[in-house]
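S.K.: Below are the chains, spelled out letter by letter.
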Amino acid sequence: MNKKNTISASDEIISHLKVLAKEKEVVRRRLAVTAKKLAVTAKKLAAIAEEKELVRRKLAATAREKEVVRRELAVTADKLAVTAEQLAATAREKESARRRKLAATAEKLAATAEELAATAREKESVRRKLAVTAAKLAVTAEKLAVTAEKLAATAEKLAATAKEKESVRRKLAVTAEKLAATAEEKELVRRKLAVIAGELALTAKEKEVVRRKLAVTAAKLKRSYETLEKKVLERTKSLEMARAKEEAILLSIGDGLLATDEKGNIIFINKTAEKLLGKKSKEVVKKKFSDVIPLEDEKGALIPLEKHPVNMVLVTGATTAALPTAYYKRKDEKRFPMAVMATPVILNGKVIGTIKVFRDITYEREIDKAKTEFVSLASHQLRTPLSTVNWYAEMLLAGDVGELNEKQKKYLDEVYRSNQRMVELVNALLDVASLELGTFVIEPELTDICKLTKHAIREQKPQIDAKKIRFSFSCGKSVSRIQADPKLLRMVIQNILSNAVKYTPEGGKIGFSITVADKKNVLMKISDTGYGIPKNQQDKIFTKLFRADNVRDKDTDGTGLGLYIVRSIVENSGGKVWFKSLGGEENKGTTFFVTLPLKGKEKTVKVVRINK
Amino acid sequence: MTKKNTDGRTILVIEDERPLLEAINAKLVKNGFDVIAARSVEQAFDAKLGKNGSKVMTIQSIEEALNYIESLERVDAVWLDHHLLGEENGLDFVKKFKANGGRWNKIPVFVVSNAASPKTVQSYIRAGVSTYYVKSDHRLDKIVKDIAFFLDRQRS
Chain B
1 MNKKNTISAS DEIISHLKVL AKEKEVVRRR LAVTAKKLAV TAKKLAAIAE
51 EKELVRRKLA ATAREKEVVR RELAVTADKL AVTAEQLAAT AREKESARRR
101 KLAATAEKLA ATAEELAATA REKESVRRKL AVTAAKLAVT AEKLAVTAEK
151 LAATAEKLAA TAKEKESVRR KLAVTAEKLA ATAEEKELVR RKLAVIAGEL
201 ALTAKEKEVV RRKLAVTAAK LKRSYETLEK KVLERTKSLE MARAKEEAIL
251 LSIGDGLLAT DEKGNIIFIN KTAEKLLGKK SKEVVKKKFS DVIPLEDEKG
301 ALIPLEKHPV NMVLVTGATT AALPTAYYKR KDEKRFPMAV MATPVILNGK
351 VIGTIKVFRD ITYEREIDKA KTEFVSLASH QLRTPLSTVN WYAEMLLAGD
401 VGELNEKQKK YLDEVYRSNQ RMVELVNALL DVASLELGTF VIEPELTDIC
451 KLTKHAIREQ KPQIDAKKIR FSFSCGKSVS RIQADPKLLR MVIQNILSNA
501 VKYTPEGGKI GFSITVADKK NVLMKISDTG YGIPKNQQDK IFTKLFRADN
551 VRDKDTDGTG LGLYIVRSIV ENSGGKVWFK SLGGEENKGT TFFVTLPLKG
601 KEKTVKVVRI NK
Chain F
1 MTKKNTDGRT ILVIEDERPL LEAINAKLVK NGFDVIAARS VEQAFDAKLG
51 KNGSKVMTIQ SIEEALNYIE SLERVDAVWL DHHLLGEENG LDFVKKFKAN
101 GGRWNKIPVF VVSNAASPKT VQSYIRAGVS TYYVKSDHRL DKIVKDIAFF
151 LDRQRS
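If you read the sequences in order, they're chains B and F. First residue of the first sequence: 1, per the numbering used here; consecutive thereafter. First residue of the second sequence: 1, per the numbering used here; consecutive thereafter.
Honestly, the hints are just simulated from the structure, not real lab data. Any given hint could turn out to be false.
Below are the DSSO-like pairs computed for lysine-lysine, each with C-alpha atoms no more than 27 Å apart in a straight line [unchecked claim]:
| hint | chain 1 | residue 1 | chain 2 | residue 2 |
| --- | --- | --- | --- | --- |
| 1 | B | K461 | F | K142 |
| 2 | F | K30 | B | K299 |
| 3 | B | K454 | F | K142 |
| 4 | F | K142 | B | K410 |
| 5 | F | K142 | B | K407 |
| 6 | B | K599 | F | K119 |
If you only want the chain B side, here are some residues facing chain F, beta carbon under 10 Å, derived [what the hints assert, rightly or not]:
| hint | residue |
| --- | --- |
| 7 | P294 |
| 8 | S387 |
| 9 | T388 |
Covered stretches of chain F, going by a simulated chain B footprint (3 or more residues, C-beta under 8 Å) [as the list claims (entries may be wrong)]:
| hint | region |
| --- | --- |
| 10 | 116 to 129 |
| 11 | 132 to 146 |
In this text, a Cβ means the ideal position worked out from N, Cα and C, and glycines have one as well.
Chain F extracted, bound-state conformation (with noise of 0.2 Å):
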């Protein structure tokens, strides 16, 4: 499922609809980019996913979770629904790996998500995500090129 690309951006996918993962996988890996991917806040932290893609995997907490962030080589970008698997959501997400103070929590958080409230767009752009997908309102390749340009201009 992955396909190394000469640039070698990593972007973790964190979705929990199974259709919807694999169609996002499927697009970004087209795009060149790595993919790590998964369904839950835990998954997104296995150890065992490492680079090579959307396997479902499990982590057991955040700590974890956050240790395993840690740990990766290289991690570009955040791809972030909000409805997960398990109890915590996306927002819970954001707010412990922007407060945690690692090496990657500099990097941009993308949500994209159908939970379109304005209550809940709002505090995910105050927890310092750079942009706000509404899933059913964008097309895939426009959200891709999107954090490929916004990636693409970080860079230079």
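The following block holds chain B by itself, in its conformation from the complex (with noise of 0.2 Å):
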């Protein structure tokens, strides 16, 4: 649109120009017919004054010639008189008709004189008049000289106002050739202006074209806009809906549900919360949590408020779980067991509130309390017939009751090695059913894990010295005490190490270290020149009931437990175990890395869950 105002903006102007030149050309034209016209004048002017100077000179001749006629013609009149007397004394001397005819004629002459006289009168007056005339003609003519002269001025002025208009007129001649130029290049920044135009309509029909499309889009969008509104207050029923769905899924929630805002208020619960705290929403609302919920413990002592997990989760921000032994006490004094769950609400990074979810899990604890149940009787009812089995073939082969010939004794053996396989697989069972039931209460304290080790070592001596492993043992200085839980520390030294001891063939090397890591963990390393494990079952290895192919050839003893429970321990304690092994290549053996934090695992959730 700018585009176009500056180019008719240009026309405008180039036509103005053009007009002023032309009227410019006019006024020229006007003034040089003008200074024309007066030249003309001016000559027509000198051409008369010229004349009647002319006539003036001729009047003046005629005047000055009819006096000299006068005088002649006097002079004559004179010799005429003379002549006449002569005449008439000639007449009167020679005769008398004559003298008529002289007198006639004399008459005559006389008449003629006198009409001679009156015309010389005539003349004269004629003369006169004629002076007169000639003199008014001098004034006139010196009129008109002045005249003349003031007109030769004039024409001189104007003839300067000529040439000044001339020099004007140039100057506007050039002006005009400038214009001119100028309008030329007007002409031709017209004609780019034109041919820019010209683009210009083009693109402005392309715009109006896109114009066009933007119409159809337009209405288009006018239409989809109309769809989306419609959708929008559809959407927006439907939100309503789903909003009015998720708030009645939120009371309707099976575990109690209650959020408190950043400062603990409580903002909301559910009908699950309300019947389980014995308590209405309307109670609560607003009110300080820890109002709302007391925790008990086991003996009914208040958990104090630093430990209460919805203040853990405002002070910490992280999720957290109460106590495993957190009890609640309602109105009526009836108590239950509440397993809580506090998690922060989190927005843009910040808390801006917890939910906490809990419920009554006095069922649960009966289950557990029976699989632990199981568990204890079981590894009795178990344990008891291996016992006897293990018991009296131990005597048979001691001779206890006679000696026995080698066969029986081979065969005995094999019974008694077989049970003490079975007394093996029956305890590492009981000690991943204990993990995997959380029945394994992680109680860290400080632990000796040098000391640990080395009466971990010393269990396995019999059998290290039966191979005749070459055993060596090294716990750096700077490794103190850990914070670990001792009895499953031990559990996973001795499964490591027994299975160093299992997988190393007679003569085979053992090396058992223990460093410091870094600032925070500790490191342990056992490394033998046992069977390896094979390159593709080493994923699997710390899998439950999982063999590797290679020792199962050697009909070593073994649960596929062992390793199961080390990582199953090490990784909830906050550490690792991870191993090399050069792919089960002929006695190149294998060795694993433990590490384990210093100062143990930094607990939110006391019970220890094994993922299975």
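If you follow the hints, you should be able to join the two separate chains into one complex; please do so.
M.R.: So this is what it looks like as structure tokens:
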């Protein structure tokens, strides 16, 4: 649109300039005409003046000639008079007839003279008149001369003016030329502009096309908008429905649900929470969580605020579970064990509140108790017959009831060793069961890991010696006591160590070292020159009940549970376990690495559950 | 079933599993112990049992049992299982035995049981038993040797 404006404006200027130039040309021409006319007039005036002068001069000449003629006439008249007297005298002397003729002639002559005189007089008057006229003419001529002079001056002025005008004209002409040039340039510009205008026109056309398309699009958009609006309305409706549904869902969740703001004031509880707490929503909303759900421990002592999961979430911003032994006492004094999981509500990286999910776990407690009882019962029931077989076989082999022959001894030895394996398997299974049930409560204490390891090595000494294994052990001086559960740590060490002993052939080497890995972790490294772990089975080695093919070939004892137990314990203690093995190449050995945090696991959940 | 030994160490064995009780008895006797065997807390204190070994006997109450122990001429050690016939278990016995202030309550108690849960073991250790053996993890001769060694050391 602006381009268009500019173009029309420049067009206007061009046309205006053209008009101006034309006007100036007209003025110039008029001035030229006027100058010419003035010049003509001046010439005519000069010519008139000249003619008048000529007339004056002719008149003057005529007057002079008349004067001459008059004088000649006068002379002639005198001569005639003389002649006449002579003639009269002659006539008087000479004849009478002729006298009359002469008289007549005289008379005639007199008349003629008189006439001539009259004529002369007339001529004189004419002359005088002519003189007057001449004078007048002279005056007039003078005047005319003055006028002529004036006219000449005027003419000069006019000429000057004309010159000026001419110069002006020339200037104007120059200007006009310039203007013309400018006009040409302008014309060029105009043409360019015209081209641009043409292009713009094209563009405009295109724009028009686009505009039309846009118009079509706009129409479509309008329709879409209308549809959208409709949809928005529908969506809003459905969202409202969804919100209502969500609220209904929240309200009807089977677990107690309680939400607080960032200060711990309750903003929402659902129906189950109402039921569990024995309090109505309106009684508790806006109240401090600790006033509404005080937790007790097993003995009925109030759990302090700083250990309350909601408070811990507000302080740490981390998901927190209540102690496994949290109880809630209702108004009706009924107490029930409560599982509490409090999580932070985080918006834009800030804790803006907490969600606490809780439930009555009386039933789970009973089941857990039953499971625990089952495990301990099973442990006893399974071990008792194994112990019986063990001891009787042992006594038979010891010859308590008489010497056995070699074959009997050999057979009984198979029975005894298989039974030993069964015992190991049962022990491992029970460990796994305990770990998976979470009945293994981690009770970390400052544990001397070096001493613990030495003890475990001592237990394995008979097997190590039997296989003539060269065993080396080193415990770094800087390894201090670590925060760990000693019985679980012992299980880890025993399992890895017994594996190394089991899977290293006679005369092999085992190295066990404990060092401080970094500021936070202790590193155990157990390397052997054993059978190694086949490459294609290395990823399964920590799997429950898995045993690598090469060791099964070797027919060595093993339950397939040891490393599973090791990993479960290590990872639940915040550590890591991994290994390096040259893929089952004969006797290239395996090295196991275990790291454990010096300060134990940073725990939020106290009961350990093993991932199945 | 009993075999007198010049050494004359008497051991009270409380074990509910008959085949195990017999095996223990045989091994102990073979190693020169006098054995008083019982399958329940009550039996352990059966006055009729005396020093004559592993006969099954009954006794009515813990008080009677404690009285019986008091009446024994000699007892050097108790071999105790955790699971026993009847309501009460080995731990109940240890607690009562240690608490009654009788003349034999200073003798060592060796728990030999398959109840291997750490909690149970700790309870026994706290109650004052000398050693806790997990049956299936130990050879019989090893346990007997251990007890003999313990008693020898105590004597010297």
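S.K.: Look at each hint and say if it fits the structure.
M.R.: Results of checking the hints against the structure:
1. B:K461 / F:K142: Holds: K461 (chain B) and K142 (chain F) sit about 16 Å apart, inside 27 Å.
2. F:K30 / B:K299: violated, 51 Å
3. B:K454 / F:K142: Within the cut-off at roughly 21 Å; holds.
4. F:K142 / B:K410: holds, 21 Å
5. F:K142 / B:K407: It holds: about 25 Å lies between the C-alpha atoms, which stays within 27 Å.
6. B:K599 / F:K119: With Cα atoms ~24 Å apart, K599 (chain B) and K119 (chain F) stay inside 27 Å; holds.
7. P294: violated, 29 Å
8. S387: holds, 4 Å
9. T388: Given a least distance of 5 Å, the restraint on T388 (chain B) holds.
10. 116 to 129: Holds, because 4 residues of the region 116 to 129 of chain F bring their Cβ atoms closer than 8 Å to Cβ atoms of chain B.
11. 132 to 146: holds (count 7)
Hint violations for this structure: numbers 2 and 7, all remaining hints satisfied.
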